[in-house]
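Trainee: In order, the protein sequence lines correspond to chains B and C.
Just so you know, we're using my numbering here: the first sequence kicks off at 332 and counts up by one.
Just so you know, we're using my numbering here: the second sequence kicks off at 332 and counts up by one.
Please keep in mind that the hints were generated in silico from the structure rather than gathered at the bench.
A couple of the hints might just be wrong.
The list treats identical chains as one, so a pair stands whether inside a single copy or across any two.
[Claimed, not checked] Restricting the straight-line Cα-Cα distance to at most 30 Å, the calculated cross-link-like pairs of lysine-lysine (BS3-like) are:
no., residue 1, residue 2
1, LYS526, LYS475
2, LYS420, LYS653
3, LYS622, LYS526
4, LYS420, LYS622
5, LYS559, LYS420
6, LYS475, LYS653
7, LYS622, LYS475
8, LYS559, LYS475
9, LYS653, LYS526
10, LYS526, LYS420
11, LYS600, LYS420
Predicted, not measured: the structure shown is a model, and the values here were computed from it.
Protein chains: 2
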Amino acid sequence: MERIVSLGARSYPLYIERGALRCLSPRVNLARKVLLVTDEGVPESLRTLVLSQCGQGFLEVLPMGEDSKSFSACERLCARMLRENFTRKDLVLALGGGVIGDLAGFAASIYMRGIDFVNLPTTTLSQIDSSVGGKTAINFCGVKNIVGAFHQPRAVFLDADALASLPERHFVNGLAEALKMGLICDPEILALFEKEDWRSHVEEIITRAVLAKADVVEADETEQGERKCLNFGHTIGHGIEAAGGLHGLLHGECVALGLLYFLEDEALKSRTLAILRRLGLPTRADVDPEKVFAALTHDKKGDATGVSVVVVDRPGHYLFRKMTYDELRARVFAGVDVP
Amino acid sequence: MERIVSLGARSYPLYIERGALRCLSPRVNLARKVLLVTDEGVPESLRTLVLSQCGQGFLEVLPMGEDSKSFSACERLCARMLRENFTRKDLVLALGGGVIGDLAGFAASIYMRGIDFVNLPTTTLSQIDSSVGGKTAINFCGVKNIVGAFHQPRAVFLDADALASLPERHFVNGLAEALKMGLICDPEILALFEKEDWRSHVEEIITRAVLAKADVVEADETEQGERKCLNFGHTIGHGIEAAGGLHGLLHGECVALGLLYFLEDEALKSRTLAILRRLGLPTRADVDPEKVFAALTHDKKGDATGVSVVVVDRPGHYLFRKMTYDELRARVFAGVDVP
Numbered sequence: 332m333e334r335i336v337s338l339g340a341r342s343y344p345l346y347i348e349r350g351a352l353r354c355l356s357p358r359v360n361l362a363r364k365v366l367l368v369t370d371e372g373v374p375e376s377l378r379t380l381v382l383s384q385c386g387q388g389f390l391e392v393l394p395m396g397e398d399s400k401s402f403s404a405c406e407r408l409c410a411r412m413l414r415e416n417f418t419r420k421d422l423v424l425a426l427g428g429g430v431i432g433d434l435a436g437f438a439a440s441i442y443m444r445g446i447d448f449v450n451l452p453t454t455t456l457s458q459i460d461s462s463v464g465g466k467t468a469i470n471f472c473g474v475k476n477i478v479g480a481f482h483q484p485r486a487v488f489l490d491a492d493a494l495a496s497l498p499e500r501h502f503v504n505g506l507a508e509a510l511k512m513g514l515i516c517d518p519e520i521l522a523l524f525e526k527e528d529w530r531s532h533v534e535e536i537i538t539r540a541v542l543a544k545a546d547v548v549e550a551d552e553t554e555q556g557e558r559k560c561l562n563f564g565h566t567i568g569h570g571i572e573a574a575g576g577l578h579g580l581l582h583g584e585c586v587a588l589g590l591l592y593f594l595e596d597e598a599l600k601s602r603t604l605a606i607l608r609r610l611g612l613p614t615r616a617d618v619d620p621e622k623v624f625a626a627l628t629h630d631k632k633g634d635a636t637g638v639s640v641v642v643v644d645r646p647g648h649y650l651f652r653k654m655t656y657d658e659l660r661a662r663v664f665a666g667v668d669v670p
Numbered sequence: 332m333e334r335i336v337s338l339g340a341r342s343y344p345l346y347i348e349r350g351a352l353r354c355l356s357p358r359v360n361l362a363r364k365v366l367l368v369t370d371e372g373v374p375e376s377l378r379t380l381v382l383s384q385c386g387q388g389f390l391e392v393l394p395m396g397e398d399s400k401s402f403s404a405c406e407r408l409c410a411r412m413l414r415e416n417f418t419r420k421d422l423v424l425a426l427g428g429g430v431i432g433d434l435a436g437f438a439a440s441i442y443m444r445g446i447d448f449v450n451l452p453t454t455t456l457s458q459i460d461s462s463v464g465g466k467t468a469i470n471f472c473g474v475k476n477i478v479g480a481f482h483q484p485r486a487v488f489l490d491a492d493a494l495a496s497l498p499e500r501h502f503v504n505g506l507a508e509a510l511k512m513g514l515i516c517d518p519e520i521l522a523l524f525e526k527e528d529w530r531s532h533v534e535e536i537i538t539r540a541v542l543a544k545a546d547v548v549e550a551d552e553t554e555q556g557e558r559k560c561l562n563f564g565h566t567i568g569h570g571i572e573a574a575g576g577l578h579g580l581l582h583g584e585c586v587a588l589g590l591l592y593f594l595e596d597e598a599l600k601s602r603t604l605a606i607l608r609r610l611g612l613p614t615r616a617d618v619d620p621e622k623v624f625a626a627l628t629h630d631k632k633g634d635a636t637g638v639s640v641v642v643v644d645r646p647g648h649y650l651f652r653k654m655t656y657d658e659l660r661a662r663v664f665a666g667v668d669v670p
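Please construct the entire structure, taking both the sequences and the accompanying hints into account.
Mentor: Structure, rendered in structure tokens:
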């Protein structure tokens, strides 16, 4: 299927179909210079599949992991484009997870003040969440996504085949963001997760989640208001992620935990816990709450008086609540009451 | 006077008046964290004037010159904002010439994906040209402005008092951009330069030039088409600038020379030469044409088949012309026929 994300002059299509990566052209003009950015974790067969479609393709393979979201990696991509004489009319393709999309998108946004960027996400996390919405970013001074730009892609291709070799833990990790979309916007996603044969409904889950996200982005492109609902689960989730350090939990796993702190309906919390267990996502974090709180006060969403958090009070319905740091601290220390 | 630059949600006022820097508030909200970015060449009295108006002001003083338009200077500004816990609601003020405005504007555009930026230009060059239009940039791998963003300021203050201590050579340097605006858009500027007492008309010249620039920017914010007329004089000008190296001519001086190559009317060329001589701007460059041509082919405006250049055929009227590299080379080597 094709869904246009409507953002005026910055509108772009989402192509959601198996095998979409096999025929990028004519949906994308590949008859120009193309920088294909990927990482060592992406199967070589996918790389080759994409590169073979480019007339003048140039490949940059980065190390896996958050460390590649850095100024130096961004400089490396810009230097490569400069060396290959990329002009404003050329293209950056991101093939990988959120790290690659965020980094390549940011480089595309600043090279010559912005060139075309197309996103080919290869993880559940990036297909559901980061590939749509135009947020690009790098990390800096230990703070996640603190430097970046809003730079909408020209197109995004969600190809279920690209997920084939994703390890189980990473596959499930991304589904936490779909669960989040279910909780804030689309209860049908919860119902799909609750089916015995939920695995055979994963494409439907991903599709529903990304379409719900597109709706949110269209209504508030640069996160002035309602788009902040997407931060549901992320306030404490980011704190857990930062406190855990490099060898801690994955992003989706932290979001899964983060959701639980702000579910204000006991029945919904039980349903959510049952889904987390069924998926094999964690329901308890082994991190020092003091560290979690310290990390989240460094988060960019707060100001002097407190933090705006998203709470869910019934399936598919959220509200914003301003919380003082004391209240938030109390909530972090109370932890999640897992029955 | 106040002129709104109309760019939809990104509209902002230009305040053009003597003493404007003395009362920034309430035109700008200074009741928040403010990073004042300036350089060693800006008089301390100006710095103090601005800083004293900020409740929570933080000062970054950079070395003078193009070397400050770098990734590392940008990282320095972002790190300072992070250390001082700047949020999305805080402000970057640029006090200086084009280097400071371009750098501080770029840092403001990427910190947290964009925070407020107000420009206080203190040179004729930045008042006339770089402070209006939202182009921000740094240099990279020896190429000028190759990395950057479109990030409109929230306000620009053009205060003639801020020019008081500008050395004569720099004062005149910036007027080359006003001469450019006269040639492409507003012949009245040429008439003002031709008055015996042109120096007493400098504020009027600056005002007319910046208003003409605002018109162009409004019509084509991100340089898809007509805005390219502002590149008049810059194609070969940039080449001369790059070929001259660090101790060569100033930017405006190079633009002044660059104009002469693309004036296609002999009478207008004579008038322009007379104005350059009156201002004390150069009419002849002492640089190797081979180096100039090599440098300009590295310029980001070209593609494989040639370069689009701006020519002026009568006062206040320009046209675009596609030129092959061979034609351009011939023009560089022919030089300017100065009577």
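Trainee: Quick check: which numbered hints come out false for this structure?
Mentor: 1, 3, 9, 10 and 11
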